[in-house]
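*Asks:* Given two chains presented individually in distinct reference frames, assemble the corresponding complex, making use of the accompanying hints.
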Amino acid sequence: MNAQLDYIDQPAAQMVSGPGAVPGPARLVAAEQWTPGSSDGLLLAVDAEPEQRFAGAELIAIDFPAFTDGRGLSLAVLLRTRLGFRGELRAVGDIRADMLHYLYRCGFDSFSMSGEGSPVDADGVTKTTAFDALAPYSDCYQASVRQPRPAYRRVERCIAQELSSPSF
Amino acid sequence: MYRYDDFDRQFIAERVAHYREQTTRYLAGELSESEFLQLRLRNGLYIQRLAPMLRVAVPYGTLSSGQLRKLAHIARHYDRGYGHLSTRQNMQFNWPELAEVPDILAELAEVDMHAIQTSGSCIRNVTTDQFAGVAADEEVDPRPYCELIRQWSTNHPEFDWLPRKFKIAVTGAASDRAAIAVHDIGLRARREDAEGIVFDVFVGGGLGRTPVIAAEIRKSLPVRHLLTYLEAIMRVYNRYGRRDNKYKARIKILVRAMTAEGFRDRVDAEWAHLKGSESTLTDEEIRRIEAFFTPHEYPPLNDADLGPARLEDPAFAAWLRHNVSPHRVPGYAIVTLSTKVTGVPPGDVSDVQMEAVADWADEYGFGELRLGHEQNFVLPDVPQSRLRELWRRTAALQLGVANVGLISDIVCCPGGDYCSLANAKSIPVAEAIQQRFDDYDYQHDLGELDLNISGCMNACGHHHVGHIGILGVDKKGAEYYQISLGGHSGAGGDEASLGEIIGPSFSRAEVPATIGRILDVYLKRRIDDEPFLHCYRRIGIQPFKDHVYERAA
Chain A
1 MNAQLDYIDQ PAAQMVSGPG AVPGPARLVA AEQWTPGSSD GLLLAVDAEP
51 EQRFAGAELI AIDFPAFTDG RGLSLAVLLR TRLGFRGELR AVGDIRADML
101 HYLYRCGFDS FSMSGEGSPV DADGVTKTTA FDALAPYSDC YQASVRQPRP
151 AYRRVERCIA QELSSPSF
Chain B
1 MYRYDDFDRQ FIAERVAHYR EQTTRYLAGE LSESEFLQLR LRNGLYIQRL
51 APMLRVAVPY GTLSSGQLRK LAHIARHYDR GYGHLSTRQN MQFNWPELAE
101 VPDILAELAE VDMHAIQTSG SCIRNVTTDQ FAGVAADEEV DPRPYCELIR
151 QWSTNHPEFD WLPRKFKIAV TGAASDRAAI AVHDIGLRAR REDAEGIVFD
201 VFVGGGLGRT PVIAAEIRKS LPVRHLLTYL EAIMRVYNRY GRRDNKYKAR
251 IKILVRAMTA EGFRDRVDAE WAHLKGSEST LTDEEIRRIE AFFTPHEYPP
301 LNDADLGPAR LEDPAFAAWL RHNVSPHRVP GYAIVTLSTK VTGVPPGDVS
351 DVQMEAVADW ADEYGFGELR LGHEQNFVLP DVPQSRLREL WRRTAALQLG
401 VANVGLISDI VCCPGGDYCS LANAKSIPVA EAIQQRFDDY DYQHDLGELD
451 LNISGCMNAC GHHHVGHIGI LGVDKKGAEY YQISLGGHSG AGGDEASLGE
501 IIGPSFSRAE VPATIGRILD VYLKRRIDDE PFLHCYRRIG IQPFKDHVYE
551 RAA
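Each protein sequence line maps, in turn, to chains A and B.
First residue of the first sequence: 1, per the working numbering; consecutive thereafter.
First residue of the second sequence: 1, per the working numbering; consecutive thereafter.
Excised from the complex, chain B in its bound form (with noise of 0.2 Å):
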């Protein structure tokens, strides 16, 4: 994993220093409510419903044991013993005091840490596939990328001041795990035997009030010319984006207005000037970036039978199937641990799960793990004959569940509990569903199955892209939730889309069972083993629709 060098050190340390002394400044009465507003969202502070809430960078979602032991301590100092994985790879705290604020920062500068713009008008932390690096359908590592992204945008003087948020995805792997197509900048890494490695552009992806899938404006961009590029594009959204309505300020309402052709020609006209720049990046760099993320020295293994073991215990063979992926390399495997417990808010984890998952990461593998963007935590290289003893030790801490990509690993934001934004809480409703379909048999036989809930527009639960979505919505003063179908972010091959509404919304108690009624829709209409999203795809939303309805007729 990429490691601060003195430049990166010096560079955080006086951010933090700045950032002391704008709070000192703030607390003596010397910097309005609302300039220091702007200054402390660049540093991931927000004021929230209950408390302030501190959202923490991970960058590009990799982390070293020994930061996620950091962030444990924060969790039990200065916070409530917990701390939250955000659906952006990041890690947030609900409760710390707000003149504590920079000694949290000063305790993450000494584990080479940070929270710059991860909120904010400017570019937000870059955000990439979880098992980057080690999957095995992966053609180009995109992690380098990203860091080269993470230090070209982290204070850039042109473009903190942008019409809106600006989010950055990128993806080298055959499935999109990144969501690139639902994000402001998505890239797709690739490697072309005469360029080397390119990467095809995409913008005006979202999600929000207007969720769109962005259009590709680049193909086979060489990687020296990416952040010239990257400027040319921050230039035109910074010019000519919308600033009179926040609502439509994001980069997608611009090249919806443009067209994605007369973006692109906008675009290509500005980096005429640039490209070649001293901004282009030298080979010298770009390989001194990518040695940071050289793979590690794996001890030869060979794939381990677990075959017997699957057949002995029929939970640890669940586990492999949900929670196990495969590895480039042979004899290891990719383990993701599951935060998605009935009863506790998908995402929520406490200090000492913290230091365990540290723990692991330490024992079975190099140090280093994952926070993926649907809550997870990922153990990163599991050797395969241990796993079932990882497996084992994983259920005491509540981090074994066998649920990923089953309805009840429900991806969720924070909802109404805690953000003053939201319309409807989010996390009550994820644990009537988590409750409702808790049946272990029913959940595996129903398979592959994303459900995300927001609780309001924001989307910071990705509604649009589950294969059901639910969207808690204000309906004269009362909590009403509106249920999408047919959303996808991209993974496992099949093309990103938005889920379709499926009609008038609903009252939080009657959700769970219209989630039933959807699903009962799905058992019946299934052909084989055919995943809920194909199924959608094929017979379309109206069976559902007519179903869901019927009683109510």
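So that you can see chain A by itself, here it is in the shape it has in the complex (with noise of 0.2 Å):
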């Protein structure tokens, strides 16, 4: 889950990027305006539907009006796991060093974000030491887009005659 941080240079903006993650297309275009099999990557607000011809984009950015606004983790979702995309996935818009971990979890690869708040510095060196933003938690009890499988189909979990007397 220790995903490497790369400061990718754009112009007003700051790419931190998961692992396998490329640098995609330069251009990213509105839905109407693609067609599949270009080389474009194409742009979708949170909004929209996922429609099958996007399956084979190379990249698929979400456009966030907010960083509040959770429609881009269903879009996300429902992209990687109901299209199959498995192209690049990237967050613009208003991304916020705090959300990655969610974002990465839903099937985010990459992430735009404007410079304040990027836990990349200018020199692409990690700012906050203390967490991995992709992965600040060492596991988690359902499943996503990284970890298809919820813990309980995974990990030997403690049953009630196990545990000893709490001191508490």
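Fair warning: there could be bad hints in the mix.
Now the in silico label distances, taken between C-beta atoms and shown as ranges [what the hints assert, rightly or not]:
no., chain 1, residue 1, chain 2, residue 2, range
1, B, Pro330, A, Gln161, 23 to 29 Å
2, B, Leu27, A, Glu58, 41 to 47 Å
3, B, Ser277, A, Arg27, 33 to 39 Å
Chain B is nowhere near these chain A residues, computed Cβ spacing over 10 Å in every case [what the hints assert, rightly or not]:
no., residue
4, Arg27
5, Val29
6, Ala30
7, Glu32
8, Gly37
9, Ser39
10, Asp40
11, Asp47
12, Thr68
13, Arg86
14, Gly87
15, Ser112
16, Ala151
Hints in this document: simulated from the structure, not taken from any laboratory.
Yeah, the Cβ is synthetic: ideal placement off N, Cα and C, and Gly gets one too.
*Replies:* Here's what the structure looks like:
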């Protein structure tokens, strides 16, 4: 889960890439202009419907109008799990460092951020040392795009009888 | 009760460390106010009128005596010696220092507690029947399924940034003490011969500005499909719920816009993709969680004959009648300790009271207790033969008032004294009503009467489901109170309903007398022992309206 944070120079933007992400096409076009097989990246609004023709895109960028807008998370999950989209999935718009772990678990692998609040500084060095911004938790209960199996299907959890009496 | 294993502990420890780091960045000026707001809300921290308020999660209202002692310690060391029982089975602290909150969370983690998702636009602490597991009228103990939902919804990557807050309630008893009809999702657990545990699923209920009774969208959902079906509901809501207007962002507005049938079809279409996926619960996991809630080994007892004690001591008899509920095991009883004492804000409890309740939970039970949404403590496993002894001890700590379900057992939000959202104060109104109806004989004669007060439209005092509901409103800068009649949460087997507004609002000074006039009508019109709600449903609002406004006319 320890994704390497790379800094990719972009005009007025910083990019943090997760593992396996490659710098995608520079040009992003809206769904109406985009055609399958195009080398352009596809730019989707958070309220876009996932269309099967998007599945072959090289890059899909989802534009968050506000970092609190969770529609982009559900759209990402649908692109990854329903359409089987395997290209680069980039979060653009109002993206904040503290949102990266949610985005990452929902299948995003690159993040275009305005300079302020980015977890990497201009030299590409991670600012937050205590936490991996992409995975601040070593494990999570539920399934996600990154970990399709919930904890109860892969982790040996304690059963009631095994636990000794608590001290409280 | 559920107990943490290493997996839970590691997650909570990392959550505390993560929040500590976020607080440090905020205090160093590296995180904006608006960004930190969202992060602290997901950890239960509001900034209130006077100070921050930290809402600690008490999952489905169940806690151990040791956990309550820790809350008492937090009240003493980080607050002003008291905490507040909320209307959603949580405990709130009104005076913590923002910089100390990470330390409080670390202390909570020592006893397997947290404040995760107790505020913010995410899935909140799941609530249930405060008598779960011990109620005589229970078909299914809802707690294991609450715990499964708790784990599934904790730090959910897709559903932590919803259009608005989201509340799930579960019941498994004949009397719905969890008020599932007024939650975003209400689940009724039942047992079916062929399927085992199943759930009837209700969506789109809620209070607030637009009160709505939930619609049933699925019957008999087998437990193994519980989480995938919830996932389908949440995804439809997360994608299509309104985000342009916070007053129209709750799921009830979406369900109404789509119609319940339309919403159900959307959910079913989504669920078709999810049913049978990896998130389907395994039999092993269901059994593992259920095993934590295996009934205690109750020393066998016969039902005690409390008749002579009743005759001897009418005050004890009144307490038995109102505060003691039937237990599913012979010889035991469920005791509700009322916090509703005249002069104390409803739900406020001191560290000394918390310590005492923790001791009683150990001495008169299995070291477990509950918080009810009516803002009282519940001791779930008291031997009937020791009820009188316990009752005598509760009086000294102002926890022995025999008023559960009566007019003075007021459900009340913190209101304008504390909350920055409130239009009006609510605590002084509660106190004025308690003072006016302090006469026990009169209260007992009135019988069962739910009186709920909210200081604003957000309806934290659940005024829509009070038999008498009082709502604080702002009338040209002055505090006024709107009164509604006939609401009901769904407990006791009567169908849930929303109160009807009686007419123009009243000044604070007029409220107690107005309530008095409403009660005059009831006492005059009731037939035999007919409770207020039944009488209201029979005669309608008009007689109340006529009498309340006749002087003004």
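*Asks:* If any of the earlier hints don't hold here, list their numbers in rising order.
*Replies:* Violated hints (numbers, rising): 11, 12 and 16; every other hint is consistent with the structure.
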